[in-house]
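Asks: Below, each chain spelled out in residue letters.
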Amino acid sequence: MPKRRQSPEASRRNFLKGASLVGAAAAVVPPVAANAFPAAPQEKLKAAVPGARQIAAETMPPSSDPVNQTTSGGDFMVDVLNSLGVEYMAINCASSYRGLHEAVINHGDNKPEIITCVHEDIAVHVAQGYAKIEGKPMAMACHGVVGLQHATMAMYNAWCDRVPVLVMGGNIMEADKRAPGAEWVHAGVDIGQIVREFTKWDDQPASLQHFAESAVRAYKIATTPPMGPVFLALDAELQENPIRDAEGLRIPKFAPVIPPQGDSGAIAAAAKMLVEAQNPLILCDRVARTPAGMANLVELAETLQCGVIDNAGRMNFPSRHPLNQSFRRGLIGQADVILAIEMNDLWGTVSHFSDRIVRRSRPATKPGAKIITLGVRDLYLKSNYQDFGRWQDVDLDIAGDGESSLAPLTEAVKRLIDDGRKAAYDARGKKLAAAHLAMVEQSKTDATIGWDASPITTARMCAEVYNQIKDEDWSVVGTSIRLSWPHRLWDFKRPYQWNGGSGGAGIGYNLPASLGAALANKKHSRFTVAFGGDGDFMFNPGALWTAAHHKIPMLYIVHNNRAYHQEYMYLVAMAARHGRGVDKMDIGTTIKDPNIDYATVARGMGVYGEGPIVDPKDLGPALSRAIAVVKSGETAVVDVVADPR
Amino acid sequence: MNRFKRIAVAAFAVSALGIAGSVSAQDAPQGDAGNGKRIYLRDGCFTCHGRSGQGGAYNGPAPILAHTALPFDGFSGYVRNPTDDMPAYSEAVLSDKDIADIYAFVESLPGPRSPKDFPILNNN
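Those protein sequence lines, which keep their order, are chains A and B. If you number the first sequence the way the numbering used here does, the last residue is 646 and the count never jumps. If you number the second sequence the way the numbering used here does, the last residue is 202 and the count never jumps.
Because the hints were derived from the structure by calculation, they are not lab data. Heads up, the beta-carbon is just placed ideally off N, CA and C, and yes, glycines get one too. Hints may be right or wrong, so weigh each one.
Here are the simulated DSS-like cross-link-like pairs (lysine-lysine), alpha carbons at most 27 Å apart as the crow flies [as the list claims (entries may be wrong)]:
id, chain 1, residue 1, chain 2, residue 2
1, A, K432, B, K194
2, A, K445, B, K115
3, A, K431, A, K494
4, A, K618, A, K593
Derived coverage of chain A by chain B (criterion: at least 3 residues anywhere in the stretch with Cβ under 8 Å from a Cβ of chain B; other residues may be distant) [stated by the list, open to error]:
id, region
5, 441-448
6, 452-462
7, 490-497
8, 576-588
Beyond 10 Å from chain A on every Cβ pair, some chain B residues (computed) [as the list claims (entries may be wrong)]:
id, residue
9, P107
10, S154
11, D174
12, A178
13, S186
Just chain A, with the same shape it has in the complex (with noise of 0.2 Å):
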């Protein structure tokens, strides 16, 4: 049944009995404010003349326009966001939704709770974050003109990365409304537009019901997959003004959409074609958003005994299961049947690409290989921005939600196994498995070289963190560009060890990000790690006073190689290419002289710091004590002086 507001405040009628009252008590209680000071020393003063505004005011009557209220817009919204179960919003304050906060403050009582940031962009990658721990979205509040645009590049990423946020954005919709000066610059006719080309689905409500229908409607779409930002211009005067007509308000019933599995008869195709492969492979990328993904995904596997090769967008595949052959990309060209599911680059996955003078491409995969994909991606995309990457053939494309079709895919597989291709099937995950566990040696092998240098190497980096957190129920929720590290290196088996990357490759996701994922690890008591470069910390270092303030215990790796460093080599090569001045590239593209010391910036925020760690052996007691502090429930920066990858 739908729910009706019950508030027995918010109808019209109580609203003008109240004014009245207030109006009436205006008129009869003494000016008791002005003896509210204390007295100041008598001086003879010569009086003033009085002016016109002030002779009007006392010779004229009181105005009737009512000066309080006794319910707001904002309230009903804010019933509206509770009926979504939205945890939070993150936001930095802005006077067009002042409506809203201050009910979110006084009506919700502080529900969703508020998560303080001080940039918008700050405020989307928190909720980028947190929605891919906690497996939903939380919200997020900002001027609708000047603060939505510091926020698209977050909102981009989250696009990019097909992740819900609900963001909304005050605005004044009636110009005869907008005071003057910062209400006119801070107003426009359509600010979805802003964000049009990068969410899923926008709305600018003209009535609280309207309000109401658009909140849930955009909250399902969001969250349907393919899942992606949306936002929704809420007019302040709807925010602040009583409510005229409560009765007649209803909130909305969400049902969530239960994502669509690929065609049956498609499935069992598809079955059939890994069943008869003789080196069926999977790729995966953003296949789970529940917990049950990785479980699914296993299942397949193993039922196959094929390998998977995982370009982590999510946590799909254990690092440590026999299976998982993500770091020996050449079975791609031993593959005869690849299975790809929710990829987001499968054109460069199964292609060979050179970034020279003349640009190329040819195929990874062997002549005849047959490419079957499943995922809900290519069910909604936009032109404008290039996302989607470049066409690849394939052979077999099934439209279906990759983990909720992994189950039926699993069942028709077994279906098709006798006890001749069992044998076969073993013999090809006894040689995977052999296979993965060499790359494993060979990791460690590899992460030997340089073991004492300084800078320290990245490899020391992620087995000092790892050997210090390995024991608790951890959670790795950023990297560092191309880090690879940790899944070369660390056990990742748990659905939350791993959530994936920014998306869009904008940069500043990092840190927010990682404290968004920070909050909702925070109720679960994990213990939350991140990696990030030092110059994407530069981007949003306030994010820091944001963990302090809200009090949410993290572990930040500053991966500090004192540089833009990708830009670096692509600097060093174009000057190699055009025969000149490689010796000068690091002007424009390096962090230095002077050195940014990220630990006292970090204390700066309130944060507890350690750094800058130069020497190897002084990385594991800077992190004991770091990992303290974290334990304690606070949020703790590592500087770490380290090479570039």
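Fit chain B to the given chain A structure using the hints.
Replies: Same frame as chain A, but now just chain B:
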């Protein structure tokens, strides 16, 4: 971004270089490892291959160079005309002597050791 693809290809490339390096490096010209280190750091070799020659990642593989077993001719030829995304270093930016010095430097770098000597690499 396909994070793991690049490192996996790097591992393959390292392996390939190792095979090529089975030929002795004794014919390499005498290089100045100290000057090689200076150039290696100045000209950005370290950006992809690491200061310890431990390898890394650019667009794709940046193989391990520490204690390389690659013969000098193969090394030099690759620097001048690489087959992957590694930039080609012409004479204009890197002389033959520079390459010899760099080769001497990376050859002098300690290679991998047994992980058994590192307890924290064996704790899971």
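Asks: Each hint should be assessed against the structure and marked as holding or not.
Replies: Structure-based check of each hint:
With a C-alpha separation of about 24 Å, the suggested pairing of A/K432 with B/K194 holds against the 27 Å cut-off. Proposed proximity of A/K445 and B/K115 is supported: the alpha carbons are some 26 Å apart, at most 27 Å. Restraint check for A/K431 and A/K494: the C-alpha separation of about 20 Å stays at or below 27 Å, so the hint holds. Restraint check for A/K618 and A/K593: the C-alpha separation of about 23 Å stays at or below 27 Å, so the hint holds.
Remark: the region 441-448 of chain A is confirmed as covered by chain B, as 6 of its residues place a Cβ nearer than 8 Å to a Cβ of that chain, reaching the required three. Counting residues of the region 452-462 of chain A whose CB falls under 8 Å from any CB of chain B gives 5; the rule of at least 3 is met. Check result for the region 490-497 of chain A against chain B: holds, 3 residues qualifying (beta carbon to beta carbon below 8 Å, three or more required). With 9 residues having a Cβ less than 8 Å from any Cβ of chain B, the region 576-588 of chain A passes the three-residue criterion, so the hint holds.
No beta-carbon of chain A comes within 10 Å of the beta-carbon of B/P107; the shortest separation is about 22 Å. The Cβ of B/S154 sits about 15 Å from the closest Cβ of chain A, beyond the 10 Å cut-off, so the non-interface label holds. For B/D174, the shortest C-beta to C-beta distance to chain A comes to about 15 Å, beyond the 10 Å cut-off, and the non-interface label holds. The Cβ of B/A178 sits about 17 Å from the closest Cβ of chain A, beyond the 10 Å cut-off, so the non-interface label holds.
At roughly 13 Å, the least C-beta separation between B/S186 and chain A is larger than 10 Å, which holds for a residue marked as non-interface.
This entry satisfies every hint, going by the numbered hints stated previously.
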